[in-house]
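Here the protein sequences come in this chain order: G and H. Heads up: the first sequence is residues 0 to 151, going by numbering that gives the first Met the number 0. Heads up: the second sequence is residues 0 to 151, going by numbering that gives the first Met the number 0.
Mixed in with the good hints, there may be bad ones.
Since the list can't tell identical chains apart, any single copy or any two copies may satisfy a pair.
[Stated by the list, open to error] Straight-line Cα separation of at most 27 Å, DSSO-like style, residue types lysine-lysine; simulated pairs:
1) K137 x K76
2) K128 x K76
3) K106 x K137
It is worth saying that the hints were derived from the structure and are not from the lab.
Number of protein chains: 2
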Amino acid sequence: MTISINPIGFIQSDFADQKQSARQPAIDGRHGALIIHDRFIDGLDGLAEFSHIIAIYHFHLQQQVLLRARPCFDPDKDHGIFASRYPTRPNHIGMSILTLENICGNKVYCSDIDVINNTPLLDIKPYVKQFDRMENPKSGWYDGVDWTAVKI
Amino acid sequence: MTISINPIGFIQSDFADQKQSARQPAIDGRHGALIIHDRFIDGLDGLAEFSHIIAIYHFHLQQQVLLRARPCFDPDKDHGIFASRYPTRPNHIGMSILTLENICGNKVYCSDIDVINNTPLLDIKPYVKQFDRMENPKSGWYDGVDWTAVKI
Chain G
0 MTISINPIGF IQSDFADQKQ SARQPAIDGR HGALIIHDRF IDGLDGLAEF
50 SHIIAIYHFH LQQQVLLRAR PCFDPDKDHG IFASRYPTRP NHIGMSILTL
100 ENICGNKVYC SDIDVINNTP LLDIKPYVKQ FDRMENPKSG WYDGVDWTAV
150 KI
Chain H
0 MTISINPIGF IQSDFADQKQ SARQPAIDGR HGALIIHDRF IDGLDGLAEF
50 SHIIAIYHFH LQQQVLLRAR PCFDPDKDHG IFASRYPTRP NHIGMSILTL
100 ENICGNKVYC SDIDVINNTP LLDIKPYVKQ FDRMENPKSG WYDGVDWTAV
150 KI
């Protein structure tokens, strides 16, 4: 079964290519915008009242699928692709939780975008603390990362 | 531009149809499993060490796209589809944060699945508290819902 997806817009960012792009919104994301096709603007109604949004997008420049990958946060060990956020995943679907600044027409400005300019945007969802802010999560190998060393 | 997506597996749940399905994992989700196609099993390496996972899936029985919807948590008002988690969204992509119980071969058992049985699974990502657990989020209209009345 193949599912056909048509982007709802694209992501505008400072990152021109894969070598430049940020690692995660919380680490080294930068100001940018989600640009929504005009026909979907009505769908943004009420979104400005949220502090965070979930962007679902396509790693469009990624060709490879690797079931084990070596993410930049742990250069010494491979991890299963579903235990990582690395882009070489089947279907190349990415997800970032972004901090919403404001919405103007079809532009959703965010302060911590981490993807390459022109990344196809597949969906926006509101970040809902009642569903998405889990209590006492265990984050596997990410819990062993020295985050003070990772931050720029 | 159309992007072709091939499911990595499907979600096994107690919910036979849309009328029965849960509203959210945290509200009335139930025990179930993500069943991964055998060729992707290596990608699960390390996932068992996470307490929560992010399932991205396709609302495969949903035909409609509505840019304004009336989610069950607020039956008195329409909300923009991108300010809600309602399924009538462009591309019909769903996302749930699930509590991982254990992994056995190609089966990822979770305690709070909220989707219909046989929902096509597009991706699994680990829930990483350093990226996904936002501090002091404002959740728009969801913050006005009486959650004590909503819980079953």
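Evaluation of the provided hints:
1. Taking the shortest alpha-carbon separations for K137 and K76, only the intra-copy value of 19 Å comes in at or below 27 Å, while the best inter-copy value is 37 Å.
2. For a Cα distance limit of 27 Å, the shortest separation of K128 from K76 across copies, 20 Å, qualifies, whereas the shortest one inside one copy, 33 Å, does not.
3. Within a single copy, K106 and K137 get their C-alpha atoms only as close as 35 Å, which misses the 27 Å cut-off; across copies the closest is 20 Å, which meets it.
In terms of the numbered hints stated before, the structure departs from none.
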